[in-house]
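Chains as they are written, first to last, in my numbering: chain A, 1 to 398; chain B, 1001 to 1398.
In case anyone wonders, no lab produced these hints; they're calculated from the structure.
The structure displayed is predicted, hence computed values, not measured ones.
Please note that a few of the clues may not be correct.
Here are the computed lysine to aspartate or glutamate pairs in the DMTMM-like style, where the Cα-Cα straight-line distance is at most 20 Å [as the list claims (entries may be wrong)]:
1) A:109 / A:84
2) A:378 / A:157
3) B:1076 / A:84
4) B:1144 / B:1074
5) B:1156 / B:1368
6) B:1272 / B:1368
7) A:76 / B:1084
8) A:378 / A:361
9) B:1041 / A:213
10) A:124 / B:1213
11) A:41 / B:1047
12) A:336 / A:307
13) B:1124 / A:157
14) B:1124 / B:1107
15) B:1156 / B:1047
16) A:124 / A:135
For the chain B half of the interface with chain A, some residues (derived, Cβ under 10 Å), not all of them [claimed, not checked]:
17) 1079
18) 1229
19) 1231
20) 1321
21) 1325
22) 1331
23) 1332
Over the 10 Å line for every Cβ pair with chain A, so calculated as not near, a few chain B residues [stated by the list, open to error]:
24) 1050
25) 1052
26) 1084
27) 1085
28) 1205
29) 1213
30) 1275
31) 1320
32) 1370
For each residue, glycine too, the CB sits at the ideal point set by N, CA and C.
Number of protein chains: 2
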Amino acid sequence: MGNRNSVASPASGQTRDSANPGSPAALDASKLSMTLAKTLKPLQSIETLRFGQSFSDHMIVATYDPEMGWSAPEVKPYGPITLDPQCSCFQYGGNVFEGMKAYLGPDGKARLFRPDMNMRRMEKSCARLALPPIDGDVVLELIKRLVNVERRWIPKESGYSLYIRPTLMMYKHSPDWNVGLGVTASDHAMLYILASPTGPYFSKPVSLLAVSENVRAWPGGTGGHKVAGNYSPGFLPQRAAAEKGYDQILWLFGDDRRVTEAGAMNFFVVVKRDDEDGVDLITAPLDGTILPGVTRASCLALANDPEFHKEISVRLHPQEMVYTMSDLAKWSSEGKLLEALAIGTAVIVGPCNRIGFEGKDIVIPGDEMGPIGTAIRKKILDIQEGRTEWKGWGVVCT
Amino acid sequence: MGNRNSVASPASGQTRDSANPGSPAALDASKLSMTLAKTLKPLQSIETLRFGQSFSDHMIVATYDPEMGWSAPEVKPYGPITLDPQCSCFQYGGNVFEGMKAYLGPDGKARLFRPDMNMRRMEKSCARLALPPIDGDVVLELIKRLVNVERRWIPKESGYSLYIRPTLMMYKHSPDWNVGLGVTASDHAMLYILASPTGPYFSKPVSLLAVSENVRAWPGGTGGHKVAGNYSPGFLPQRAAAEKGYDQILWLFGDDRRVTEAGAMNFFVVVKRDDEDGVDLITAPLDGTILPGVTRASCLALANDPEFHKEISVRLHPQEMVYTMSDLAKWSSEGKLLEALAIGTAVIVGPCNRIGFEGKDIVIPGDEMGPIGTAIRKKILDIQEGRTEWKGWGVVCT
């Protein structure tokens, strides 16, 4: 930002700010260079698209050097990256990422959904792992440029999109900075942004196994940030859940078996109110163990919006509160547990049909997603796909 | 193991077990191929060696494919590795590592220190992250081969060694296995082993800042395993501690401020006993939040060994027990807190001279390491460097 007077060195791709020669160059989208693929890949047929499985023709890459600052970012053909095996990103997990989707609207414009929220979260994730600071507004500008370059990859069909995966990772130390394998933040970083044409994450209701012997996140840990090391510890419990016939894990926390997240998604339940004034939409509070999801925040905002209540003719009461497996069991036995929803960028809003816990299943009624989940999903998808303008949430990639 | 009938395919480096064509090939040290560097690097002068800062001429690499199994491992020149940017090792932290040292003895033989313990731990770390299983005995055989290839890199001076860093990481999915960025274990893995000539980690006493707002590990998490994602969350607190004038962090846990680990090391205190029958050597128990360190286990074993008590003329009482900052403060005020020790493969045994907590310092008496830390360090170093044979702890690299 504010880097208009910088001079690029074509040889290294590094830039120095000529107005302020002592300071490292900021990441600058206006310096984006283009190296386009000589041959473009054929588009996949829509039926074969699955989440994050195939990638577009190009990616954006930029690197950070503590002396020079950020290199000029580059659009280049999607391809492998080459790194020193001592890199911190292999050894100590100094990697953060984001996930967001670009949709093609009926007006032919490509839109992102509340990308500013992803960018603020990415800035916080970087800070949490002591990565070099990034300016999320500039990363967003780069994302828009990539979306426009890869426009042919955005599927036109509803529910399909171009999933965008920005990743920032530590990748080496300065050679004169006596660190090597020392357990400390490295001073070089690499940003790359991938694009993946993507279909529905899951459409059928999923079953969840509530797990307390493995714990996803804890106060004072990194569960509230989108850092790489949060995810692989879930692979083994996920495999064990699958062997028991469940699709995903419902992560519990603490001796009171608080409900936190589902797999790598936020989790909501719809519960009938005693006063019969609509329904409660309940999810765990952001206490540091919960990822502050963009879709999560959007569900809560819709649930708090009288305009949306009018649209769907139901009064929703958003509740960010601690609730436990005992609460779920009680609501279920009283016939108040109406819907259980997995919420996230990939899934948007997806239905859960049963929750296994201590050998029994809590069964959520209905074979399909219930009316509240369906209404929220439809509203969000209408905004994402540009059929509805709503409070600036859909951001056109100009 | 047991893979003598396998047939190597020189083109791919992949092997299939001809006696059992349906099963993927096991990792097999007897298949090790050698591609030696054409030019060898000059050795660094001993004064410039720091922990993990420079690397030897070669590394060992092997890859795992779910259909073919392990490739024939290869000694090759140390150099960059090339990976797809969608790899799980960049996105989800599916990476584990180990750390161990090879020493040159007065008999001219290279020795590792209790490497079987590292290998059992690495097997457990792999299992915890749902990486393909490894046979640690085979990895150890490869490590010995690398040590012998890199023999000239082992410094002869006491306290110096060739640090060995085996790393195993998920690196891609099978292309036909519809996963991509899906949050699940990938089915391909890469093992590599690096060697780094290394000097003392720190020799002067270090100061510790006791931290409870950031938490290193939690029951049900991965703190008891050597996985990459455990380390980067410590970078920011470490930087904050340095800004306050402390060298390392003392990680606390829970509302009662239990003492757990110091930086990326185990932590011990030496406390005077009320019965004056020697001293207590106290460390936190292995409750899942503590890394089961090889040096930690060795200190406890020595502290439990009458033969060692005789050698040092002090009765030691090993105590694996929960203890808190209040206990430390009490022992200090009563004059019973004799020594505080950071324990680990890199540091072996290192002294701590003060512990900052809630604005005050607990000061450990003496400007140098105390007699117990000194005696344990000397004993372990004598075993590591082959001056003493002790219960098979020193393992010659034949």
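To see whether the hints hold, each was checked on the structure:
Proximity of residue 109 (chain A) to residue 84 (chain A) is assessed by CA-CA distance (about 41 Å); at most 20 Å being required, the pair is judged violated. Using a Cα cut-off of 20 Å, the hinted pair residue 378 (chain A) and residue 157 (chain A) holds, with the two alpha carbons roughly 14 Å apart. Under the criterion of a C-alpha separation no larger than 20 Å, the hint pairing residue 1076 (chain B) with residue 84 (chain A) is consistent with the structure, at around 14 Å. In summary, the hint linking residue 1144 (chain B) to residue 1074 (chain B) is supported, as the alpha carbons are separated by about 13 Å, within the 20 Å threshold.
Distance hint between residue 1156 (chain B) and residue 1368 (chain B) is unfulfilled; the C-alpha atoms sit about 25 Å from each other, more than 20 Å. At most 20 Å may separate the alpha-carbon atoms for a hinted pair to count; residue 1272 (chain B) and residue 1368 (chain B) meet this at roughly 18 Å. For the hint linking residue 76 (chain A) to residue 1084 (chain B), the alpha-carbon distance of about 14 Å falls within 20 Å, and the restraint holds. For a cut-off of 20 Å, the pair hint linking residue 378 (chain A) to residue 361 (chain A) is broken: about 29 Å separates their Cα positions.
Proposed proximity of residue 1041 (chain B) and residue 213 (chain A) is contradicted: the alpha carbons are some 49 Å apart, above 20 Å. For the suggested pair residue 124 (chain A) and residue 1213 (chain B), the alpha carbons sit about 17 Å apart, so the restraint of at most 20 Å is met. A threshold of 20 Å between alpha carbons decides the hint, and for residue 41 (chain A) with residue 1047 (chain B) the separation of about 54 Å lies outside it, so the pair is violated. Between the alpha carbons of residue 336 (chain A) and residue 307 (chain A) the distance comes to roughly 25 Å, so the proposed pair goes past 20 Å and is violated.
Restraint check for residue 1124 (chain B) and residue 157 (chain A): the C-alpha separation of about 45 Å exceeds 20 Å, so the hint is violated. Between residue 1124 (chain B) and residue 1107 (chain B) the alpha-carbon distance is near 34 Å, which puts this suggested pair outside the 20 Å criterion. As the CA atoms of residue 1156 (chain B) and residue 1047 (chain B) are separated by approximately 13 Å, the hinted pair is consistent with the 20 Å bound. This hinted pair checks out: residue 124 (chain A) and residue 135 (chain A) have alpha carbons roughly 11 Å apart, not beyond 20 Å.
With a least beta-carbon distance of about 8 Å to chain A, the hint placing residue 1079 (chain B) at the interface is held under the 10 Å criterion. The closest approach between the C-beta of residue 1229 (chain B) and any C-beta of chain A is roughly 2 Å, which is under the 10 Å cut-off, so the hint is satisfied. A distance limit of 10 Å between C-beta atoms decides the matter here; for residue 1231 (chain B) the minimum to chain A is near 4 Å, and the interface restraint holds. The beta carbon of residue 1321 (chain B) comes no nearer than 22 Å to any beta carbon in chain A, farther than 10 Å, and the hint placing it at the interface is violated.
For the restraint placing residue 1325 (chain B) at the interface with chain A, the shortest Cβ-Cβ distance is roughly 15 Å, beyond the 10 Å limit, so the hint is violated. Taken as an interface hint, residue 1331 (chain B) does not check out: its beta carbon lies about 25 Å from the nearest beta carbon of chain A, beyond 10 Å. Evaluation of the residue 1332 (chain B) hint against chain A yields a violated restraint, the C-beta minimum of about 25 Å exceeding 10 Å. At roughly 5 Å, the least C-beta separation between residue 1050 (chain B) and chain A is not larger than 10 Å, which violates its mark as non-interface.
The non-interface label for residue 1052 (chain B) is inconsistent with chain A: the shortest C-beta to C-beta separation is roughly 3 Å, within 10 Å. Against chain A, the non-interface label of residue 1084 (chain B) is violated: not every CB pair exceeds 10 Å, the least being about 6 Å. With a least CB separation of 5 Å from chain A, residue 1085 (chain B) falls inside the 10 Å interface cut-off, contrary to its annotation. Every Cβ of chain A is farther than 10 Å from the Cβ of residue 1205 (chain B); the closest lies at roughly 18 Å, confirming the non-interface assignment.
With 10 Å as the threshold on Cβ separation, the claim that residue 1213 (chain B) sits away from chain A is violated: the shortest Cβ distance comes to roughly 6 Å. The Cβ of residue 1275 (chain B) lies farther than 10 Å from every Cβ of chain A, with a closest approach of about 37 Å, so its non-interface assignment holds. With a closest Cβ-Cβ approach of about 22 Å to chain A, residue 1320 (chain B) is found to remain outside the 10 Å limit, as its non-interface label requires. Chain A leaves residue 1370 (chain B) outside its interface by the beta-carbon criterion, the shortest separation being 25 Å against a cut-off of 10 Å.
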